[in-house]
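Chemist: Sequence:
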Amino acid sequence: MKKYLALITSASLCLIASQAFAASKPPKDTIWEYKGDGGKTLWQVCGSQNSTCKIVGSTKHYVAVLNRKSASGCAFGDFYIVARTDGFWQQRDTGTCSPNAYIQKGTINNGQYSTVDIGVGGTIVAQYPIGYWSQKKELSGKNRPRWKEKDRTQGGLQFNMKAYEDIQKYGRIQKETLEEMKREKQNR
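Going by this note's numbering, the residue at position 172 of the sequence shown is 686; the numbering climbs one at a time, nothing skipped.
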C-alpha cells in the first residue's frame, strides 16, 4: 500500500511539474518565443502566463510591446520592439519614467507611416516609426524596386520632320501625318 501511495504521489508531482513547465513555455511560433540581447525570451520578461505585457503597435515586420512591470523600476514600464522577420526583440528607451506617461498610436509623413508615441502631459517624448521601418524592410535587399536602364543608343530628342513642316505651314499637324506617325510607332 505504501508503494502504491508513493507511486501515486510521485506521478502527481510529475504531472504538476510538467503542467507548470508547460505553462511557462511561450505559445509556439509567436513573437513570445523570440530572445533578446540577454538571452531571455519575450515570454520570460513579460511574466509568462501572468503577462504584464501588451502589444501596442504592429506591422508586417515589427511589433511594439509595453511591459507595465519595469525591470529597472520605472513607473511607466519597459518598452520593447520585436523584429518579426529577424526573430528577436530589443528594449528601447521610453523617454520617461513618469507614472502619468501614456502610449498611443500615431503617424508620420502625412499619415503614410504608423508610429507608436509615448507622451507625458500632451507632449510626445519618444516616437517609434514602426510603419516606416517595416516599409523600409519590405523594400530592401532582393525586394528593392528596380527600373530598366534607359536606352541611350537612340541619341537625343526624337524629331519628326514632317510634323514640324506641317506645323510651320498649316499651324497644326495634318491628319495624314498623324496617321503616318502612328504606323511608325506601331512598327517599332
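One or more hints might be untrue.
[Stated by the list, open to error] Simulated DEER-style distance windows between Cβ atoms:
| no. | residue 1 | residue 2 | range |
| --- | --- | --- | --- |
| 1 | W661 | S538 | 47 to 53 Å |
| 2 | W661 | G587 | 50 to 56 Å |
| 3 | R660 | R606 | 29 to 35 Å |
| 4 | S538 | K619 | 29 to 35 Å |
| 5 | N623 | S562 | 20 to 26 Å |
| 6 | K619 | S565 | 18 to 24 Å |
Quick caveat, the hints were computed from the structure, so don't treat them as lab data. Note that the Cβ used here is the ideal one computed from N, Cα and C, for glycine as well.
Chemist: Quick check: which numbered hints come out false for this structure?
Modeler: 5
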